[in-house]
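**Student:** This is what each chain is made of:
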Amino acid sequence: MPLVFAGVCSHAPGITGRAERADPVLRDGFYVALDRMRGAIEAVRPDALVVVAAEHFANFFMNNMPAFAIGMAEHYEGPIEDEKWLGISRRRIPGNRGLSERLVSRVLHEVDVAYAEEWMFDHGIMVPLHFLTPRYDLAVIPANINCQGPPLTPLHRAHAFGRALRHACDAVPERIALVGTGGISHWPATPNSGKINEAWDRDFLERWTANRREALLSYTDAETYRDGGQGGFEIRTFIAVAGAAEEATGEIWCYTPIPIFAVGCTVGVMKLGAA
Amino acid sequence: MSLYYVQKLLYQLNRDPELRRRFAGEPDAVLAGYELTAEELDAIRKPDIGLLYVLGVNGQILMHYAAMRGFEWNAYLEAMREGVRRHGPVRAGIYALVED
Chain A
0 MPLVFAGVCS HAPGITGRAE RADPVLRDGF YVALDRMRGA IEAVRPDALV VVAAEHFANF
60 FMNNMPAFAI GMAEHYEGPI EDEKWLGISR RRIPGNRGLS ERLVSRVLHE VDVAYAEEWM
120 FDHGIMVPLH FLTPRYDLAV IPANINCQGP PLTPLHRAHA FGRALRHACD AVPERIALVG
180 TGGISHWPAT PNSGKINEAW DRDFLERWTA NRREALLSYT DAETYRDGGQ GGFEIRTFIA
240 VAGAAEEATG EIWCYTPIPI FAVGCTVGVM KLGAA
Chain B
0 MSLYYVQKLL YQLNRDPELR RRFAGEPDAV LAGYELTAEE LDAIRKPDIG LLYVLGVNGQ
60 ILMHYAAMRG FEWNAYLEAM REGVRRHGPV RAGIYALVED
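Chains as they are written, first to last, in numbering that gives the first Met the number 0: chain A, 0 to 274; chain B, 0 to 99.
Same shape as in the complex, but just chain B (with noise of 0.2 Å):
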């Protein structure tokens, strides 16, 4: 379990563009850099917004994640709720889905 580097990644690449092309171009190359589970990795190569959602991933990095990766918002809220519903409550952390 590395929350915290998934996070980091996804931080950084929502402040630097460069590292943003980089990552377009060479997202082996990128993710090398930091400690990540096999889940981790697919979840950020596909990417399943929702299992990143469930993983645990602050919802103030995953936003922007999703608009970067094309998920307008109505997807992206819908990604997260399918991440509950294929892969169960969220894990970690304080952005967890509540019942009405």
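Excised from the complex, chain A in its bound form (with noise of 0.2 Å):
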């Protein structure tokens, strides 16, 4: 079937672990968001959810360090987090291994990614499963791009990762929903945490829903790092979902700059069969 759905959002942990200290005005406004998107994930009626995170060093290291990855279990497990630091209780989450093997066998054709029959999901994944499979009763693939340690994943390979995990989902009869999770500026786990470049991120924001490809590569580590902090390297999971969906262009449901999340807290879909 073709893809179903494809979006962004947040994934810090703070949106979960510190909710009580966030603006609950502006907290509030992108829980809504969430659960937009929620609604519009179970509106389409998906077989599973493929979820394209940046993770950090929860499975990945660096003695074997994949650009890409998918996610090849009947099931996983996570938070792999503290469960009270993240404010999420531990849990297995439903996989479909068949599905993936089927996904990878097809990305492989384009993409030279790795599979891994063990995850352990951490709050990249667990914090946007926590609003958008609330009950954990729909299949998740998880699919990671190396957003995290150094020499980094191109940002013209994570769009090509993008546009074969389209034409593997196309290709397979079950209805797929894609998720990519991840900042766009911002300066988590350094004493800068709560610093975020808003006129970066909505610059970005325009290029991301114009769906402008040249617009979207054009940036180098160097400046990404500058404006955008090394949380920023995750633009690589929204350009990925851009690549996905390259024929689409997208809507922000939410943008809200908030500090104790770490991150400007966003939602955006690309509008699929829109065109």
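One should not assume that every hint holds.
[Said to hold, decoys possible] Once the Cα atoms are required to be at most 30 Å apart in a straight line, the calculated DSSO-like pairs of lysine-lysine come out as:
no., chain 1, residue 1, chain 2, residue 2
1, A, K83, A, K194
2, B, K45, B, K7
3, A, K83, B, K7
4, B, K45, A, K83
5, A, K194, B, K7
[Unchecked claim] FRET-style restraints, in silico, Cβ to Cβ:
no., chain 1, residue 1, chain 2, residue 2, range
6, B, D41, A, H108, 46 to 56 Å
7, A, V24, B, V97, 26 to 36 Å
8, B, L96, A, D202, 17 to 27 Å
9, A, R37, B, Y3, 32 to 42 Å
10, A, A198, B, L96, 17 to 27 Å
Hints in this document: simulated from the structure, not taken from any laboratory. All values derive from a computational prediction rather than experimental measurement. For every residue, glycine included, the Cβ atom is placed at its ideal position computed from N, Cα and C.
Hey, can you piece these two chains together into the complex? The hints should help.
**Tutor:** What follows is the structure, given as structure tokens:
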């Protein structure tokens, strides 16, 4: 089936772990947008949710760092972090091994993706799932792009990975929803945590909603580090979704800087089938 | 300089509850399995979160070690600032302090 949903959202651990410390008006507005995304995903009745994440050393380390990986397990566990610290209790999350295998096999025709039959979800996947599949009753297939341990996956390869995922999703009979999760500018886990470059974020989101490939791929890592911090390297997940929905344009349902969450809290969707 | 092994130890502690239990009971036995300098060993044992930050431990790894060692969020952020004041700028990696 053609891909039934493509969107992006933030995943910062403070979104659940430090919820009580945020301005309630800003926080709740963001939560409403996430719930709108949950409703939109449920409305298209997906058989599985592919989450393109930027994991933070939960599974992959500098001893063997894949540029891309896709989970291929019957189920997953998460969160790997302390449950109280993240504000999400540990649980088993359903996967779909057979579907993963077919997607990986197809993606491999275009992109050299690693597969993983074990995967412990960190906040990068658990925070989105907490809002998007709160009953944990939808099969999840995790995917990862190395945004964390340099040398990083180049932006044009992240875009190509998104295209390959799209071709794979279109080629299987299941109805698949795709969500990319990451921050735009942010400086998490540094003394600058809470710093957000709103102008840079808004410019990036304009490029994302217009889905202009050249504009999305024009950043150098040095520019991103300077203007968007090391957290800004996670734009790769948004770029992958843009690649997966390259015929579409997008809409931003929420962009709200919330410093205690350490990120401009974002919910965006690509208007598939609207062209 | 063995930043890689500092990060590997902390990464494995973050992932593995059994290793955390061993580390709590017999830290030296666990630490013996990694190539670490005296400065690194000292920073891990104390723990000196600020020095680990300055040595260049990736923030996404250090954040969880700090929480594991009982640092509340604000105390963790302050420990990194204090580390830079005491030990100078971050020496490696992509998590350096930036001036506003």
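**Student:** Hint by hint, say whether it matches the structure.
**Tutor:** Hints, verified against the model:
1. A:K83 / A:K194: holds, 24 Å
2. B:K45 / B:K7: holds, 18 Å
3. A:K83 / B:K7: Holds. K83 (chain A) to K7 (chain B) sits at ~24 Å (cutoff 30 Å).
4. B:K45 / A:K83: holds, 24 Å
5. A:K194 / B:K7: holds, 28 Å
6. B:D41 / A:H108: 46 to 56 Å: At 51 Å between Cβs, range holds.
7. A:V24 / B:V97: 26 to 36 Å: Because 29 Å falls inside the window, the suggested range holds.
8. B:L96 / A:D202: 17 to 27 Å: holds, 25 Å
9. A:R37 / B:Y3: 32 to 42 Å: holds, 40 Å
10. A:A198 / B:L96: 17 to 27 Å: Since the Cβ atoms of A198 (chain A) and L96 (chain B) sit about 22 Å apart, the hinted range of 17 to 27 Å holds.
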